[in-house]
Structures are given as structure tokens and as C-alpha cells.
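J.: Take a look at the letters that make up each chain.
Protein chains: 2
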Amino acid sequence: MDNPETIDKQVFNFSAGPAPIPREVLEQAREELLDFNGMGTSVMEISHRGKEFIKVAEESEQDLRDLMNIPANYKVLFLQGGARGQFAAVPLNLKGSKKSADYVNSGHWAQSAIKEAQRYLNVNIIADGKLSGFRQMPSQEQWRFSSDAAYVHYTPNETIGGLEFPYIPETGDVPLVADMSSNILSRPIDVSKFGVIYAGAQKNIGPAGLTVVIVRDDLLEKHTSACPAVWDYATQASKDSMYNTPSTFAWYLAGLVFKWLKRRGGLAEMDKINERKARKLYGQIESTRFYSNNIDPCWCSRMNVPFTLADPELDAVFLVEAAKEGFLYLKGHKAVGGMRASLYNAVPESHVDALVSFMQEFERRYG
Amino acid sequence: MDNPETIDKQVFNFSAGPAPIPREVLEQAREELLDFNGMGTSVMEISHRGKEFIKVAEESEQDLRDLMNIPANYKVLFLQGGARGQFAAVPLNLKGSKKSADYVNSGHWAQSAIKEAQRYLNVNIIADGKLSGFRQMPSQEQWRFSSDAAYVHYTPNETIGGLEFPYIPETGDVPLVADMSSNILSRPIDVSKFGVIYAGAQKNIGPAGLTVVIVRDDLLEKHTSACPAVWDYATQASKDSMYNTPSTFAWYLAGLVFKWLKRRGGLAEMDKINERKARKLYGQIESTRFYSNNIDPCWCSRMNVPFTLADPELDAVFLVEAAKEGFLYLKGHKAVGGMRASLYNAVPESHVDALVSFMQEFERRYG
Numbered sequence: 001m002d003n004p005e006t007i008d009k010q011v012f013n014f015s016a017g018p019a020p021i022p023r024e025v026l027e028q029a030r031e032e033l034l035d036f037n038g039m040g041t042s043v044m045e046i047s048h049r050g051k052e053f054i055k056v057a058e059e060s061e062q063d064l065r066d067l068m069n070i071p072a073n074y075k076v077l078f079l080q081g082g083a084r085g086q087f088a089a090v091p092l093n094l095k096g097s098k099k100s101a102d103y104v105n106s107g108h109w110a111q112s113a114i115k116e117a118q119r120y121l122n123v124n125i126i127a128d129g130k131l132s133g134f135r136q137m138p139s140q141e142q143w144r145f146s147s148d149a150a151y152v153h154y155t156p157n158e159t160i161g162g163l164e165f166p167y168i169p170e171t172g173d174v175p176l177v178a179d180m181s182s183n184i185l186s187r188p189i190d191v192s193k194f195g196v197i198y199a200g201a202q203k204n205i206g207p208a209g210l211t212v213v214i215v216r217d218d219l220l221e222k223h224t225s226a227c228p229a230v231w232d233y234a235t236q237a238s239k240d241s242m243y244n245t246p247s248t249f250a251w252y253l254a255g256l257v258f259k260w261l262k263r264r265g266g267l268a269e270m271d272k273i274n275e276r277k278a279r280k281l282y283g284q285i286e287s288t289r290f291y292s293n294n295i296d297p298c299w300c301s302r303m304n305v306p307f308t309l310a311d312p313e314l315d316a317v318f319l320v321e322a323a324k325e326g327f328l329y330l331k332g333h334k335a336v337g338g339m340r341a342s343l344y345n346a347v348p349e350s351h352v353d354a355l356v357s358f359m360q361e362f363e364r365r366y367g
Numbered sequence: 001m002d003n004p005e006t007i008d009k010q011v012f013n014f015s016a017g018p019a020p021i022p023r024e025v026l027e028q029a030r031e032e033l034l035d036f037n038g039m040g041t042s043v044m045e046i047s048h049r050g051k052e053f054i055k056v057a058e059e060s061e062q063d064l065r066d067l068m069n070i071p072a073n074y075k076v077l078f079l080q081g082g083a084r085g086q087f088a089a090v091p092l093n094l095k096g097s098k099k100s101a102d103y104v105n106s107g108h109w110a111q112s113a114i115k116e117a118q119r120y121l122n123v124n125i126i127a128d129g130k131l132s133g134f135r136q137m138p139s140q141e142q143w144r145f146s147s148d149a150a151y152v153h154y155t156p157n158e159t160i161g162g163l164e165f166p167y168i169p170e171t172g173d174v175p176l177v178a179d180m181s182s183n184i185l186s187r188p189i190d191v192s193k194f195g196v197i198y199a200g201a202q203k204n205i206g207p208a209g210l211t212v213v214i215v216r217d218d219l220l221e222k223h224t225s226a227c228p229a230v231w232d233y234a235t236q237a238s239k240d241s242m243y244n245t246p247s248t249f250a251w252y253l254a255g256l257v258f259k260w261l262k263r264r265g266g267l268a269e270m271d272k273i274n275e276r277k278a279r280k281l282y283g284q285i286e287s288t289r290f291y292s293n294n295i296d297p298c299w300c301s302r303m304n305v306p307f308t309l310a311d312p313e314l315d316a317v318f319l320v321e322a323a324k325e326g327f328l329y330l331k332g333h334k335a336v337g338g339m340r341a342s343l344y345n346a347v348p349e350s351h352v353d354a355l356v357s358f359m360q361e362f363e364r365r366y367g
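Going down the list, the sequences are from chains A and B.
Residue numbering for the first sequence is 1 to 367, as defined by the UniProt record's numbering.
Residue numbering for the second sequence is 1 to 367, as defined by the UniProt record's numbering.
Please keep in mind that the hints were generated in silico from the structure rather than gathered at the bench.
Some hints could be false.
Copies of the same chain are indistinguishable here, so a pair counts whether it falls within one copy or spans any two.
[Unchecked claim] DSS-like mimics (lysine-lysine), calculated; alpha carbons at most 27 angstroms apart, straight line:
#1 K222 to K115
#2 K115 to K239
#3 K259 to K51
#4 K115 to K98
#5 K51 to K262
#6 K334 to K193
#7 K51 to K334
#8 K98 to K272
None of these values were measured; they are calculated from a predicted model.
Go ahead and model the full structure; you've got the sequences and the hints to work with.
T.: Shown next, in the form of C-alpha cells:
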């Protein structure tokens, strides 16, 4: 890093994940990377069972509880294996004596969860966005709940499809389970409506390699003997997520992100900022026929915004020109093509402004 | 970190894991933490599917192949979930049409692997160190191999007990599986003798949150439908360990550790250094009745050295005095008590010298 121009290179990172981490957090991590807490050693090198790391773990959990207003009858776990790991862990933990679970199919990630769950129980698809091309979801009155489901699983935000639920489904006494990987912490939610919330960290929490699970107390004891111990909610809850060695560095960084969120005003403030960011980008897309997004407006994701150019031949040009200006990872997922901009908490509003300006300029030159 | 004395505080970290990472590696990580490869962003913030991270992944795999001389018919996977995750993943991947597997009980970690495997198949304990108080293992002629085992599992190094196999067992056509978490990369080994080698990263590879699995090609297709996809060796091998988002930062750091090992002369050189380090510490322990280690000399671990004081009342004093001199994590595991010094690759020989001097001085004062 001899070249100061390199260090100060302005980039605008819209990656869907692993995604941007707040600059302040990275700067603090760098500052103390070789000497954590005056210990003369890196936080990566300390025992997860020592008092110094236990303090990191406890503070991060408390900060997350404060941010999300997590009720006392919920456990918070910091595990490994990502959301895809939880696709297996959820049925293995919640199946109990039931034979089936209800799943809502809202797109790519919901389908991946369904496919994995089918290894362990019967899956009833109670609502299917496929009928609308995943542009919206059937209204809740149309959902065909089973009479004997172990739980209802849904995906509040589809990272690839760009569809986000505008409400939390009502499932009565049946536990509601949510893969909140790509919109956790983006707004206040009522945790008490959920049985389990899980999220891979690499979007709104921190670096990849950490998985947060929030689980209601009464669901801890339903696990089957086939559940691997490292994913057994009851086992991990009884050991404060240290039944096995956790991803200590990722956990520490997540803790720094939680503190950053608190300093910025918490989720109510993030909600406002995320709303502004999304409005700016969707506003630009909707203002012209040059760009488009085909999701029903009520169902547009604030976190992941896929869009296409009227002329797909220009896709490659758009990406090359964008890269020249420092825009990273605007290419859409290969399953859908086109472009995608992910607007997680750590993406500054000014970066969205820069993207909108670039899109306007690009349209002027090629439209 | 305003205080330069804090930065230069000399500490001697003997943690059993998460454990020391080479200083040069941490310095490079700090140097490029906010700007990886001139991208203007941290390596934590880039997509695992982008060319920059794929280069990290490919280089780290090649460096590990070079270091361990891994034959071409073995896949190398970089997963999550630690060795405890593999305790479940191994039977789920290797069971095939068999009903049982053979396990060698060498102590705490072998027993943990056995307990987890029993969820998925019948476990035959073919050799048991319990008979000798885990001071040594029965000679191989005494092992009672089953006629129809899916595989033979053993633990080459017991991190807690401090027992290390001085040889690689011969299992004929039955695949040999090794939990090499705490002695991988500590010496050259003949990988072709193994069906599967797995290791949590947090001892000799890098930070916690990464698990390396080395698996022979012909074993990829035996997995059961109950194996979670993120741990399915065939699935992950076909996707270059990117079926789900990997622990990118931990993987990157592991890659830096592999390059550090190559610069230092590879595993042949580490073997010599580790031998010297272990001889120095065991030499000190054996030279006096003040300290003792009760493992049979042929079975003494070079990586994890538990020892006790003749007077257990002095344990607490020893730890307090040691901490004053900058020695970290010398307390023995709660399952065995006493002291333990872990001498992984990243522990400099000079730190072992310092520990030996401290032990001599402590004996002079309290012996």
C-alpha cells in the first residue's frame, strides 16, 4: 500500500454479500488487529473461553437484544454454517413429533430452503409466488395452512429476486420461522411474532462465517436425534454458543457493527435511511423506460434492487462503464441476469446518489 | 492504542485454540485490511464469486496442496462448522450402505467424535486408551477391526490429553479418517494413507470459523440423503467449496499462513522446529520432580503439552506469576486440570525458551 492514491480510491460497493462493512468498524478492527484490549495479541488469537472474549460475546448479544428489542424468552445464538446450514437445522430442531412443515415459496432462496427441508420432513407449499412470476405474493387469506405443520417458514426478503414482504405473516399458534439473512437489522420488527429468526451475517451483520439464530425458549426441546450437535439450538443455548469453537473474529466484528448501529440511532433511524436510499434508486428506475424493475411496487425489496436495461445488449457496456467509475458488483445474479444493487445498512446514502447520477449519465450517453 | 508500550507488550501466547497466528500474517492482514489488492475495499467485503476472491481461494488450495503434497485424486474443501461439525459430517458422508464404523478412543476428542457418530451409525471401539489412563494406546496388532466398517476414525493428536500418535495406522482397504485439527501442518505426512483428513482451522491453519477437509475422490459419492448440503463433500467439491458463502476472511488468512509456511521452508522445516520446541519443554518437565507429564514418552504430543506441579496448591500461584510475565492461557483444560502449553507452528521457539526459563525460575522460588 505504498501508493496513497490506491488507499483513497473511491469505490461504491453494492455487493449482495459478502457485503460492505461500515468503514468505522473496519478502521477500529485495523487499529486493534494486533493488540486487542491491551492484551498484546489479536482478538483472533485469544481463547473463546477466556474472560476477554466472553465479554465480547456478552456485549454483542446485549447490543443485538437492544437493537432488535428481543424479548427475554428468546435465546440468541452465534453459530456457523450460514443460512444454508439453517435450511437443514430448522427442520432438525423444530420437527418434534410432526411429519410436515408449511413453506412459503417467494423465489430462489425460499426454494433452496424447501429443497433442503425435504430431506427431513414433508413440505407443504402454502403460498406460491411462482404464479405471478415472483412479482408479488398471494394475499394471506389465500394461504392454505396445514392442520398439523411443525412450523411455517418464509423468506422475508429474496436477495436474488428482489422481493420483500411488506408485512409479517400471522400464523397463530404455529411457530413462524424466517430466513432474515438479507434484511435483518434494516428496520424495527416485532420479534415476538416469530418462533425462529436466522440470518447469515454477510449482508447486514458482519463478515461471512457467522450465523445468528434467535429462537423462542419453548422451541428448544423439539430437536431430533439426527440434529448435528453444533446446530442443536438447545445444546448451543445451554453453552452460550460455545459448544464448539465459534467464529470468534466474525463475532467480534458483528459486535462492532451492532455498536455502530446503536451510535447511528438504531433500527428506527436505519429504517428511515433505508427508505430514502430505496426510494432514490427505485425513483430513478421508474422515471424512465431505459431501466426497469418488474416487482410489484408493494413487494419491492429495499435491500436488493434488481433492474434491467431496455436493451440487454447494453448490459455489458453498463457494467464496464460502471466499473470504471468505481461501482463494484452491480452484475445481477446469474439466475436472473441484468443488474442488481444491494443497499444494506453499511452502504452510505451518498453511494446511492452516486449510482443514480451514473445511471442518469449512462442513459444520456446510450439512451 | 495511543500507548506505544501497550503495542510492544511482550506476550507469550500458548492458547490451545483459537491460537497464535504468525505475526507477519497479521501485519499483512492489517496493512491491507481496508484495501485488498488495490480494490479500495476490504477482502471481507468482496464477493466470494468474484475473480479476486476466486484467486485467493485457488492460491490457498494450491499452497496447501504443495505443503502437504496432496495427491491429485484428493479434493480440498474449505467449509464451516469446525471439527465438531465434521463429527456428524463424516458418518453422513461415508456411511454408504454400511451400518457401522470403527473408532479409536484416544481421549476427550475421540470420545466426542464417537458420541456424535452414534447418532448416525453403530460405532465399534476397536482400540481403547482408557485401559492405560490414556497414557498410551494399544499396539496396532491388538486393534479389533470390524469386518464391515464404513471407515476407521482416529484422532492423531488429543489437544486436551496431550497424546499424539507416533505413526499412521494401517487400515488396508477401509478408509482411514483423521481429525487432524491440532497437528495438521506440524510435520510432513503421507496423505495417500488417508480417506479423509479434517481440521478446524483455529490451531495450525488460521482463525476459527474455517474447517479444512481433504477427501479422496472415490469417497465422494457415498453420502446419505440425511447429510446437510453444506457438509456434503460431493456437493461442495463440485462447487469449489462455494455451494454456500464460505468464511471468506478466515480462508484468506489461512492462505496467508500457507504462504508463510512455504517461506519458512515448508513442513520438513516445521517438523524440525516443532521437534526442538517439544524437546525443550519436555526436557524441562522431565528434569525435575517439581513438574510432571504422565504420557508415555512415545505418545507425547508435540503440539499440546499438559503438565502438573508436584504440589497442586501451587497451580494458582504458577498461573498468576506466569500471567505477570506475559504468559497467556497456560491453564489446563478443566477436564484434566493443571497446566497446558500448546506449541503450534506460530509459537516461536523463543517463546518456548522463555517458558522454560520461567519454569526454572518458578521452581527456584517455590520448589
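J.: Please go over all the hints and tell whether each is borne out by the structure.
T.: Taking the hints in turn, this is what the structure says about them:
1. K222 to K115: Answer is both: 21 angstroms inside a copy and 20 angstroms across each meet the 27 angstroms cutoff.
2. K115 to K239: between (30 angstroms within a copy, 17 angstroms between copies)
3. K259 to K51: For K259 and K51, only the intra-copy Cα distance (20 angstroms) is at most 27 angstroms; the inter-copy one is 32 angstroms.
4. K115 to K98: both (18 angstroms within a copy, 26 angstroms between copies)
5. K51 to K262: This pair counts as within: shortest intra-copy Cα distance 24 angstroms, inter-copy 35 angstroms.
6. K334 to K193: neither (34 angstroms within a copy, 40 angstroms between copies)
7. K51 to K334: Result: close only across copies, 15 angstroms inter versus 45 angstroms intra.
8. K98 to K272: neither (41 angstroms within a copy, 57 angstroms between copies)
When held up to the earlier numbered hints, the structure conflicts with 6 and 8 and fits the remainder.
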